[in-house]
Amino acid sequence: MQVIGEYNNVTTKLYDELVKPLEYDETIWFKMLHGVNNLDPDPPAPGEMRKPKVLYGAKQIPTQDRIRDPYKTNPATGKEVGGFVTIGVPDRFNDNGQPIHTKCFVPGHGTGIFGLNGNSVEDMEMYEYLMLSNYNESNPHRDRKKEALYRLYDEEIDGQEFNIVQTKKKGRKPKAKEAEAVV
Amino acid sequence: MASLGYLSKSYVSALDPVLDTREINRYVADIYNEDYLTDILDFGDRKMPITTGQPIYRTFVNESIFKVGDTTGASVQNNNTPTVTTAFTVPTSGYTQAGDLVILPTGAQTGYVYSVTTTSGIDTVVIKNVNGGNLSTTAGDQLSIYSNAYGERAGAPQNVRYGVTSYFNKYQIFQATSEITDVQNAATVEVEFNGQNKYVVKDHIDKTIKLKGNINAAFIGGDISQTSFSDANPALTDQNILVNSQLTGGGGAVQTTRGLNKYIEQYGTTLNPGGIAAFGAIDDTLDNLTAKRAPLNYLVAGGKKARRQYDVFLKNLGSSGVNSVRLVIDGRELDFMVDHLSYGGYDINFVTMPIFDHPTMFNYTVISKSMFWIPFDKRVKIYGGGYDPCLRVRYIPNQMRWGNEMIGESHSGALSPVNPTGHVNEWKVVWSAYQGFEFIAPQFAVRQQVLP
Chain A
1 MQVIGEYNNV
11 TTKLYDELVK
21 PLEYDETIWF
31 KMLHGVNNLD
41 PDPPAPGEMR
51 KPKVLYGAKQ
61 IPTQDRIRDP
71 YKTNPATGKE
81 VGGFVTIGVP
91 DRFNDNGQPI
101 HTKCFVPGHG
111 TGIFGLNGNS
121 VEDMEMYEYL
131 MLSNYNESNP
141 HRDRKKEALY
151 RLYDEEIDGQ
161 EFNIVQTKKK
171 GRKPKAKEAE
181 AVV
Chain B
1001 MASLGYLSKS
1011 YVSALDPVLD
1021 TREINRYVAD
1031 IYNEDYLTDI
1041 LDFGDRKMPI
1051 TTGQPIYRTF
1061 VNESIFKVGD
1071 TTGASVQNNN
1081 TPTVTTAFTV
1091 PTSGYTQAGD
1101 LVILPTGAQT
1111 GYVYSVTTTS
1121 GIDTVVIKNV
1131 NGGNLSTTAG
1141 DQLSIYSNAY
1151 GERAGAPQNV
1161 RYGVTSYFNK
1171 YQIFQATSEI
1181 TDVQNAATVE
1191 VEFNGQNKYV
1201 VKDHIDKTIK
1211 LKGNINAAFI
1221 GGDISQTSFS
1231 DANPALTDQN
1241 ILVNSQLTGG
1251 GGAVQTTRGL
1261 NKYIEQYGTT
1271 LNPGGIAAFG
1281 AIDDTLDNLT
1291 AKRAPLNYLV
1301 AGGKKARRQY
1311 DVFLKNLGSS
1321 GVNSVRLVID
1331 GRELDFMVDH
1341 LSYGGYDINF
1351 VTMPIFDHPT
1361 MFNYTVISKS
1371 MFWIPFDKRV
1381 KIYGGGYDPC
1391 LRVRYIPNQM
1401 RWGNEMIGES
1411 HSGALSPVNP
1421 TGHVNEWKVV
1431 WSAYQGFEFI
1441 APQFAVRQQV
1451 LP
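Just so you know, the protein sequences line up as chains A and B, in that order. In terms of the numbering used here, the first sequence opens at residue 1 and continues consecutively. In terms of the numbering used here, the second sequence opens at residue 1001 and continues consecutively.
Among the clues, some could well be false.
Across the chosen pairs, the derived CB separations fall in these ranges [said to hold, decoys possible]:
| no. | chain 1 | residue 1 | chain 2 | residue 2 | range |
| --- | --- | --- | --- | --- | --- |
| 1 | B | Glu-1409 | A | Lys-53 | 34 to 44 angstroms |
| 2 | B | Asn-1197 | A | Lys-53 | 53 to 63 angstroms |
| 3 | A | Asn-119 | B | Asp-1035 | 53 to 63 angstroms |
| 4 | B | Pro-1091 | A | Asn-119 | 15 to 25 angstroms |
| 5 | A | Glu-17 | B | Ser-1230 | 50 to 60 angstroms |
| 6 | A | Glu-147 | B | Glu-1409 | 41 to 51 angstroms |
| 7 | A | Lys-13 | B | Tyr-1387 | 34 to 44 angstroms |
| 8 | B | Ala-1029 | A | Tyr-15 | 53 to 63 angstroms |
| 9 | A | Asn-119 | B | Tyr-1387 | 24 to 34 angstroms |
One side of the interface only, derived from the structure: several residues of chain A facing chain B at Cβ under 8 angstroms [unchecked claim]:
| no. | residue |
| --- | --- |
| 10 | Asn-74 |
| 11 | Val-106 |
| 12 | Thr-111 |
| 13 | Gly-115 |
| 14 | Val-121 |
Since the hints were made in silico from the structure, they are not lab data. For glycine and all other residues, C-beta sits at the position ideal for the given N, C-alpha and C.
Excised from the complex, chain B in its bound form (with noise of 0.2 angstroms):
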């Protein structure tokens, strides 16, 4: 209706909600940054199928030769004499026979072992000292069992039996959906994803995000289940069984996979000096890795908050200290530069890992507020000479007719450009991954609180 006055902006846009244009800036800021605080910068060896396809997967590694027998609780009997009775506790008994040679460490003297009883699993051991002198030793030692000695026209020793022993891990399966009606899927938007003003563009961006990050995320702070897939009455059942008033299958029992912080904590060694990082926790550290017969080069992965309490000092030593290298993964040199420290014999690489930073995923736990000490190459010696990758992705190759060697795609729905079936006016995409987490030797790896 005509009125009198001048045409102001309020005038106009009170005409209608829609008349005006809208000044849309036609891309989405991502703010939330998930793509790169779920990476883990290559972390393991991605070249592993799963050859026969079973759900539970093994390594064997072999034991020590050299061993120790720990006092810890014995009865010494006879202390201060050229003979002394002492015993071994049950992990360290079972192996020592009459002839070993152990050194005590009160005085680094020899004992010859005279004879060895054992009754329920504890090895009673009778020491006599080589050089006639007395023997000191109290409970708690640890007697090295480190050469032998026979007599003249000896018979041989008992045979020693060195067994391996068998790690294992599970996979998981991991899916992530995508879902858009008819009725959206024609509609555009004001605003562009990746050149085009489709939702569902947006939506297959952040699927594939959250699959990958639910992947990665699995193989650091993931824990092995305790139903496997074989099991008769599993107790961990999938419950997504009815969704939409439709059957999608369900009830079927769930594995989960073992990621790096639970190999640590159950095989490797959690370190929490009282949050100074200085040399005496890298000592520590290094000192623990020794015992562990650990290999030279390690690379030190965390957040940058976790980081940052090697950095205060590290860079105080100044350029003789600390310098950047590039990073290696598996014998590959990457275009991304560490911080190498080298000290006590050791080789230390210092990096950011982005999903230690990720504000929710793992901030609330001990994960975010550590340093992650794993092999800088991340290959493992294997027996016969060479090497194997210490971590690596376990997976079953893609058995469906689209996606790639790890990850399958499934298509479903009247509207899906590749695969249209049924009657229903959507468009479904189902990605699924079978995959899991393998460390080799955990054993050399350190998990390093430096946060409280």
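This is chain A alone, in the form it adopts within the complex (with noise of 0.2 angstroms):
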């Protein structure tokens, strides 16, 4: 992340936390959550483009975010007592270089899911702030008044709507040529 003064400035045990590590040529993956049953899907037809069971959107995931960081300490005693910290993925900056604006990150549109690869800069930086941010479902110190927006992908919830091989792994979809996917 680009810690620029106290934006993005995480504790060390926040990060540790939430933000697990990534192989090189590891792909995690996240399913969308807007979903909404398609009332015209097409019969499936493999090999053929078709309408959805579950369309999905075109949906922006806010790319900056305020978040609360349980494990900030107070400067003066040492202690944990939390704080907040903005959190995002900036990619302009003004002349003093601080952020302006975030990437706009659309992600996961007629499918549903989204996958962000570990030999990626722009892909690690996305996921670091994805896993820290409120519109995670799967982040346990989410602000619940904000609308979760996606969450890990998980074979035994969503392999039903997406039709993928099994796999144990959470948020890790298998390789391509293992995947019997009809989407």
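Once you've looked at the hints, go ahead and assemble the two chains, each given alone in its own frame, into the complex.
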């Protein structure tokens, strides 16, 4: 994450708790939560593009957020008292080096799932932000007043919708040649 | 009874409560302004009758001819060699064939598709670099299938089938009732409505405003029902079965129409930049529109509070950036000025739509916090040339004896001046409308949240 002063300055404890390291060629998968049943799906026809059973419109995930870091310490006493941090994935800065615009991220359109690769700096920065954000339903420290927009892909829950071969790891999807995906 | 003393106001008023005349303004102030606040500025082209009378209506759209292969999740083999193997996701499989040329993001190199193997709906693609050098690609790359190349004495390529997709919506039945008894109908009131001191006149005005508002609000915020009129066991049924101990019908299936907001959520793009209306947010919107092959002229409509987010920095651009032009609906100029901004190849016209300012209707939802980007003249290209209105109202022509083309009126009761029936001493009017919204190209629309 690009730490600029207090921007993105989360505690190591919170980061280690929520952001698990990705291997270089590993892909981590997320599922969008705004799908609605398609009242007019086409019958399944492998090999042809069809209207899916669940519709996922193109929905932007805000890439700037203000989160609560429960492990922020009081500088005077050293005790964990919690605090608030603005996090984001900036892509434009003003002359003083302060972020003025964050990346526009509109993932999962049509399929409802998206992946981020460990071999991409851009993906890794986005992954760190997504795991810490309040919009992540999988985040135990999230602000519940904010609408959850995505969560980690879970084969046991999501496999039925996406008809993907079972895999044991949460958030990981098998390689393409192992998948029997009909989306 | 006589008494000594002067005639004061308190003395005379105390003689009898009905002795004093009353000083009442004969006009009733409209402080709720519902008629204006349910207006949607002639939003939909209201010239589309459902000629077949069917409760579900469809429009077919084409699909893109130039495709992209999405390699998200692929296992890339032999990377950084002249021949690489990758795989496309299921939604982007099924149309690639040997002979296609793809362009890879890294180095903009061109790869010749040597073979395609399809298993379980996934294309595994072998690609050779046309210039003999190494190809570099990683899972997640988007490979554009931009051209093709065939050899000497080649056979014909496989036929690619381009289909059409239908989008559908349902019409909704809207109703409003006015009912007045004989006693009240005979009585007059102190105030006037349209020059008449009858309360039924006010009621008719209120009910027509309510009907119009219900229809307009459904066209903005409505959602399509799972239930259709044709369902054998409908999940949603009319519960208006028994009213005042009288059977009034009811029990039938209920359909609702999808409105603008849900069309955009399901088929368009919803953006939430975090409440900052600046060129960065406009840039993101235009990038998304360009990716959707949208037209270049847009109407950006919202409530006053949402629009202020734009006005704050738009006005600072000075007269060189923003100017006023007439609103255009379906090629017709209306006598209504909008703020126009030309930026990034797009013409953007900002307008305040009154219904978004209604203090209760959508005030607690994302609808009132957003600006809606829709094609400016509300037209979409059709196959073979020409245009079709992209925003329109489908309706069943009035089947009742009274009313107009789109709204039917039925009258009953012994007191009805139009159609006296029965022996109940009342005058009852029911207005009915069978209307549905249709948005042909919701892919071209954006809902941009500008308020937290």
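Enumerated hints in conflict with the structure, sorted upward = Those not satisfied are hints 7, 9, 10 and 14.
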